[in-house]
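Peer 1: Chains as they are written, first to last, in this note's numbering: chain W, 1 to 140; chain G, 141 to 341.
These are computed hints drawn from the structure, not numbers from a lab.
Among the hints, a few may not be true.
As the list claims (entries may be wrong) - No farther apart than 30 Å at their CA atoms in a straight line, the calculated lysine-lysine pairs in the DSSO-like style are these:
#1 W/Lys133 <-> G/Lys273
#2 W/Lys80 <-> G/Lys147
#3 W/Lys103 <-> G/Lys252
#4 G/Lys273 <-> G/Lys224
As the list claims (entries may be wrong) - With beta-carbon atoms standing in for the labels, derived distance ranges:
#5 G/Lys181 <-> W/Ala128: 27 to 37 Å
#6 W/Arg124 <-> G/Asp301: 17 to 27 Å
#7 G/Asp301 <-> W/Gly135: 22 to 32 Å
#8 G/Val247 <-> W/Glu18: 36 to 46 Å
Where a beta carbon is used, it is the ideal one built from N, C-alpha and C, also for glycine.
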Amino acid sequence: MGSNYDDVSFTDYTLGQEELEKIEHVLEENLIKSGVHSVLLIDMAGNIIAQRDNGSCDHDLYSLAALASANFAAVDTMAKIVGEEEFSLLFHKGENQNIHFSKVNVEFLLITIFGKKVSLGLLRLKVAEAVEKIGNVWNQ
Amino acid sequence: MAFVNMKSKEVQAKVVYYGPGRGGKTTNLEYIYSKFRERIKSDMVSIKTHGDRTLFFDFLPFDIGKIMGYDVKIQLYTVPGQVKYDATRRLVLKGVDGMVFVADSQVEQRKKNVLSLKNLQENLAMYKKSIFKVPLVLQYNKRDLEKEGVSLLPLETLEKDLNSQLKVPSFPGSAVTGENVVPTMKKIISLTMTSLQNVLK
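Next comes chain W alone, as it looks inside the complex (with noise of 0.2 Å):
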């Protein structure tokens, strides 16, 4: 099959439990700390990196991870059809709940669980500052 095939089935990024643990920090002073009720760092194929919650959540996380992971593919997939490079906003509301989902940089997301008390606008700012500061362990 020549070398247009990876053998390696491994992520291709690697993290380390220095950087986790920056990724953590930042998860939980920018958004738990914020009132978010959690929070979870993936990657496309649906693997959970990091996770924080505020102690009182009791999600599958799993299967949360699974379904944002292809929800957000089928968005972009989505939007590709309809002409747009990829649509900004992944927000959805409920009456006690709300998920916002955000791109961190092509291979992941930040998915961020929240509830009233919390405006989106708010939310918007804080998971901004988080993705760049996550970003920002990546190019260490």
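Once you've looked at the hints, dock chain G against the given chain W.
Peer 2: Frame of chain W; chain G shown alone:
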């Protein structure tokens, strides 16, 4: 594209069940779910149409214990088999570590099996993966129908059609009765873990 979490000492790997529509991929997962109910903490996720066809995927996370000091979580997925759902099928394949191809043994499904396997090869190639390198197991499903008088393809024919070049492990099985469902899964998990271990070293 398994993910290794060095901090929590956890490996997440993705195994996808592929094959023609109505071939028994979802039934494989449903059997595994019922068999290992006490070991699977979360519910099986299924995104179906009203006609009970898989629209996007089924998802079943499965803890298999420790390997080389790591907690290993296998995420079992199915794809929709119907030809028209190719776009969603492709999305599910992203980051796949191991594959089970569930073929339908019924005589009239012969062509559909071959087309679906070809489609798998094409879709894997889009992710720069070769069907000859990805851990793969074949299952010749619906063998139980023989007793009902349904004409089935002989195993030799299925081997010749689907496995003459691949030469991967294959199992005659029945997802409905559970025959060889667990051995199929165990085989693909062991092949997947072996390929990951080779990279881990």
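Peer 1: Of all the hints given earlier, name the ones this structure violates by number, lowest first.
Peer 2: Failing hints, ascending: 1, 2, 3, 6, 7, 8.
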